[in-house]
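Take the given structure of chain A and dock chain B to it, following the hints.
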Amino acid sequence: MEYKAPIESYSGVVREITIGKGEKALKIGGENILPFHFFDEGSLPNPPIFALEVWDMEPTDWPEWVLEPFNDVVSDPAKWARKCQELGANTVSLSLISTDPAEKDTPAREAAALTKKVAEAIGIPLIVYGSGDDKKDAEVLPQVAEVCDGMNLLIGPVLKENYEVVGKAILNHGHSAIAQTPLDINLLKELNVKLCKFFPADRIVIDPLSSALGYGIEYSFSLMERVKQIGVIVKDGMTQMPMIANLGGECWKTKQAKESKEQGLLWEGITALSFLLAGANILILRHPESLKLVKETIGGEIWQK
Amino acid sequence: MPISGSVIVKKLPGRKGCKECGFPTCFAFAMKLASGGAKPDKCPYLTSETIAALEDALAPPIKLVQIGAGENAVQIGNEEVIYRHEKTFVHPPGIALLISDKESETKVEEKIKKINELQFPWIGLTLKANLLAPYFESGDRNKFTALVKKIYESTNLGMVLISEDMDALFSARDICADRYPLLYPVTKENLGAAIPKIKEKPTPVGVRGESIEELVPLTTKLKDAGIEEVILAPGSKNLREAIRDQTFIRRAALKQNFRPLGYPTIAFPCFLAKDGLKEIMAASLFIIKYPGIIVLSDFDQYSLLPLLVQRLNIYTDPRFPMAVEEKYYEVLEPDEYSPILVTSNWALTYFLVSSAIEAAKVPSFLCVKDTEGLGVVTAWGAGKFGGDTVGAFIKKCGIADRAKYKKLVIPGKVARIKGELEDALPGWEIAVGPREATEIGGFLPEFTRKLKA
Numbered sequence: 201m202e203y204k205a206p207i208e209s210y211s212g213v214v215r216e217i218t219i220g221k222g223e224k225a226l227k228i229g230g231e232n233i234l235p236f237h238f239f240d241e242g243s244l245p246n247p248p249i250f251a252l253e254v255w256d257m258e259p260t261d262w263p264e265w266v267l268e269p270f271n272d273v274v275s276d277p278a279k280w281a282r283k284c285q286e287l288g289a290n291t292v293s294l295s296l297i298s299t300d301p302a303e304k305d306t307p308a309r310e311a312a313a314l315t316k317k318v319a320e321a322i323g324i325p326l327i328v329y330g331s332g333d334d335k336k337d338a339e340v341l342p343q344v345a346e347v348c349d350g351m352n353l354l355i356g357p358v359l360k361e362n363y364e365v366v367g368k369a370i371l372n373h374g375h376s377a378i379a380q381t382p383l384d385i386n387l388l389k390e391l392n393v394k395l396c397k398f399f400p401a402d403r404i405v406i407d408p409l410s411s412a413l414g415y416g417i418e419y420s421f422s423l424m425e426r427v428k429q430i431g432v433i434v435k436d437g438m439t440q441m442p443m444i445a446n447l448g449g450e451c452w453k454t455k456q457a458k459e460s461k462e463q464g465l466l467w468e469g470i471t472a473l474s475f476l477l478a479g480a481n482i483l484i485l486r487h488p489e490s491l492k493l494v495k496e497t498i499g500g501e502i503w504q505k
Numbered sequence: 033m034p035i036s037g038s039v040i041v042k043k044l045p046g047r048k049g050c051k052e053c054g055f056p057t058c059f060a061f062a063m064k065l066a067s068g069g070a071k072p073d074k075c076p077y078l079t080s081e082t083i084a085a086l087e088d089a090l091a092p093p094i095k096l097v098q099i100g101a102g103e104n105a106v107q108i109g110n111e112e113v114i115y116r117h118e119k120t121f122v123h124p125p126g127i128a129l130l131i132s133d134k135e136s137e138t139k140v141e142e143k144i145k146k147i148n149e150l151q152f153p154w155i156g157l158t159l160k161a162n163l164l165a166p167y168f169e170s171g172d173r174n175k176f177t178a179l180v181k182k183i184y185e186s187t188n189l190g191m192v193l194i195s196e197d198m199d200a201l202f203s204a205r206d207i208c209a210d211r212y213p214l215l216y217p218v219t220k221e222n223l224g225a226a227i228p229k230i231k232e233k234p235t236p237v238g239v240r241g242e243s244i245e246e247l248v249p250l251t252t253k254l255k256d257a258g259i260e261e262v263i264l265a266p267g268s269k270n271l272r273e274a275i276r277d278q279t280f281i282r283r284a285a286l287k288q289n290f291r292p293l294g295y296p297t298i299a300f301p302c303f304l305a306k307d308g309l310k311e312i313m314a315a316s317l318f319i320i321k322y323p324g325i326i327v328l329s330d331f332d333q334y335s336l337l338p339l340l341v342q343r344l345n346i347y348t349d350p351r352f353p354m355a356v357e358e359k360y361y362e363v364l365e366p367d368e369y370s371p372i373l374v375t376s377n378w379a380l381t382y383f384l385v386s387s388a389i390e391a392a393k394v395p396s397f398l399c400v401k402d403t404e405g406l407g408v409v410t411a412w413g414a415g416k417f418g419g420d421t422v423g424a425f426i427k428k429c430g431i432a433d434r435a436k437y438k439k440l441v442i443p444g445k446v447a448r449i450k451g452e453l454e455d456a457l458p459g460w461e462i463a464v465g466p467r468e469a470t471e472i473g474g475f476l477p478e479f480t481r482k483l484k485a
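Going down the list, the protein sequences come from chains A and B.
All residue numbers for the first sequence refer to the numbering used here, where the first residue is 201 and numbers rise by one.
All residue numbers for the second sequence refer to the numbering used here, where the first residue is 33 and numbers rise by one.
None of these hints come from the bench; they were simulated from the model.
Source: prediction; values computed, not measured.
Just so it is clear, CB atoms sit at the ideal spot from N, CA and C, and this is done for glycine as well.
There may be inaccurate statements among the hints.
[Stated by the list, open to error] Once the Cα atoms are required to be at most 27 angstroms apart in a straight line, the calculated DSSO-like pairs of lysine-lysine come out as:
hint, chain 1, residue 1, chain 2, residue 2
1, A, K461, B, K146
2, A, K461, B, K145
3, A, K360, B, K450
4, B, K51, B, K64
5, B, K74, B, K64
[Stated by the list, open to error] Heads up, incomplete: computed chain B residues facing chain A, CB under 8 angstroms, no partners named:
hint, residue
6, A314
7, Q342
8, T348
The shape of chain A in the complex, shown without the other chains:
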């Protein structure tokens, strides 16, 4: 029997999206192969990028070994963000946790001013996540979009409850959107369909929700794998957006990550690597050492020597 290498090729392409402006601009997506299938026909023009997470307030529930690299900057989000850049992040993800009514209920204009300060402090693009409270985000995120007009931030979560008001502000002020739905491919497509009625599809990133290792990672993993395959193989336009995996927070709140630093680094590292293999284009982590570990696994000596 003759062996013939089973090389495959597909006709779908993930949309290429730019985040950031000018010298800060970064491209994601654009691939017509499945994750890391460099042996198939096609290409991955833009490798996955990594963000480190910054909060708009001092975290109280992070294990000490996650805060340790940032001990001198946690009270100043702009400095914290600069440190993330120094530590090798391609982009920074700012979480506006304090705007949550259950936290400090920080007013929208304060959050927007802070976001601008952080965006201006770094030489890489900025991702902004609201608190996830759909009503408060409907106030906060439009203000953020307006104050940071033209900076092409990546802003979310845009939810089915607030996509009209948040989506319009993101569009009008020249940013890109993170469309978030809870772990379901039909809800995900439905939100993209609704959003695309007024919002350009090549400025949307999909957030299918990321669960941590041991806490439902298999759901996120298989959903991301399916989204990518339906986009690349089946050519469904509503799944041909790049995907973001916001996994740092999910990992570091687990009992296992809080037990020891090394176990935590692996918890975050293995979760991130799993999502990379499933097709995530942007990964948000918290610890610079797990970030380094993941980057080396898919790009260092062990990857290609």
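Chain B in isolation, oriented as in the chain A frame:
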């Protein structure tokens, strides 16, 4: 692709109504053959060549191979899909711990102890590594056989015997042949000499090539010699090549039904990375990308647990969400004055919440609503954890008969269902609990004190 009934029927005699196979027609027999419910030799009119050809065509595209014996046997292979969402992955990879005969006696003892003792309880299961891999590195055959003997006598685990030296390999095999060790490596250089020795006491063999192409003639020759308990090592030099080789082997077996590659594979993170954490990351890549055996140079509690959990998660059957039964559960013998909490029936949610209640040492009722295995927020998003449905469940589950106080704690993440739930449950007071299970310990004692005051 397995052979279909309509293809099989063309090879059958087409005798009308003989029914000697036990089925009414040849077609019915063919369908049964295709689904694995019958064997070709049930038909007395087939030549032995046709029976052999049919058996070959009906064999699973990736062979099931067993290493080890008894309750510690590890079965790998027999996989049917390339991506787990297409159906499910079936046989989780064996995690093997490498022990070199160059390592000190203390280190050897420590590793044997480690593999026996590092076991982790996880949602009703026990997670553990399951193979040992003695490695001939010293150049002294006696040292290697002594190591194998020690492992054989002090554990019941299956073994991967690794030796470039054939004499050492087969001497070691003779010590533990009854435990079906995997012999590694068989290569193009030693194949001819190895075949008669393998046949003396058949156990699985690991075939190593510099490339996939090089494996094909090796497994073909082994099969011609009647040796089919085979595991493949495609000689990938780094992780980039490893994803390619593992994917090609799986595709060739499943999509091309290419028999010479229809075997499980083995991967060696232990030879790819020197740094501990990087080696574990490489192993983690292999848990997703296919090998049936993953050999590690070392591990500790902090590095083994995440890998074992990943293996469990990836090999969970996606067609069945892990869910627990809908009812109220008693945690720590609650009485009529104990707090009542409600959550979803995803196994993980139940496990997290009930263990947090136990840790808080506050006897409670935990009402678990059927959300088809979804977590609380996802279930709410899908309309399975709204005020109306939770209310209806609380009414019908009978908790009202057990409780003095009609006060229900809902998860903080779905605080928004409070109003709706109050409408659905007249006479009940609804309290918003913490957003995370980890915060239950801080919440429950104070809540209970107020409840009883």
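Restraint outcome when B:T348 is required to lie within 8 angstroms of chain A by C-beta distance: The hint holds - B:T348 has a Cβ within 8 angstroms of chain A, the shortest such distance being about 5 angstroms.
Proposed proximity, B:K64 with B:K51 (alpha carbon, max 27 angstroms): Distance ~14 angstroms between B:K51 and B:K64 Cα, so the pair holds.
Hinted pair A:K360 and B:K450, Cα distance within 27 angstroms: Judged against 27 angstroms, a Cα distance of about 21 angstroms means the pair holds.
Proposed interface contact between B:A314 and chain A, which counts if any beta carbon pair is under 8 angstroms: holds (6 angstroms)
27 angstroms limit on alpha-carbon distance, applied to hinted pair A:K461 and B:K145: Distance ~24 angstroms between A:K461 and B:K145 Cα, so the pair holds.
Satisfaction of hint between B:K64 and B:K74, Cα-Cα up to 27 angstroms: holds (11 angstroms)
Given hint B:K146 paired with A:K461 - CA-CA distance at most 27 angstroms: holds (21 angstroms)
Chain A contact restraint for B:Q342 - C-beta distance below 8 angstroms: Result: holds, 6 angstroms to nearest chain A Cβ.
Going through the hint list in order, the structure satisfies each hint without exception.
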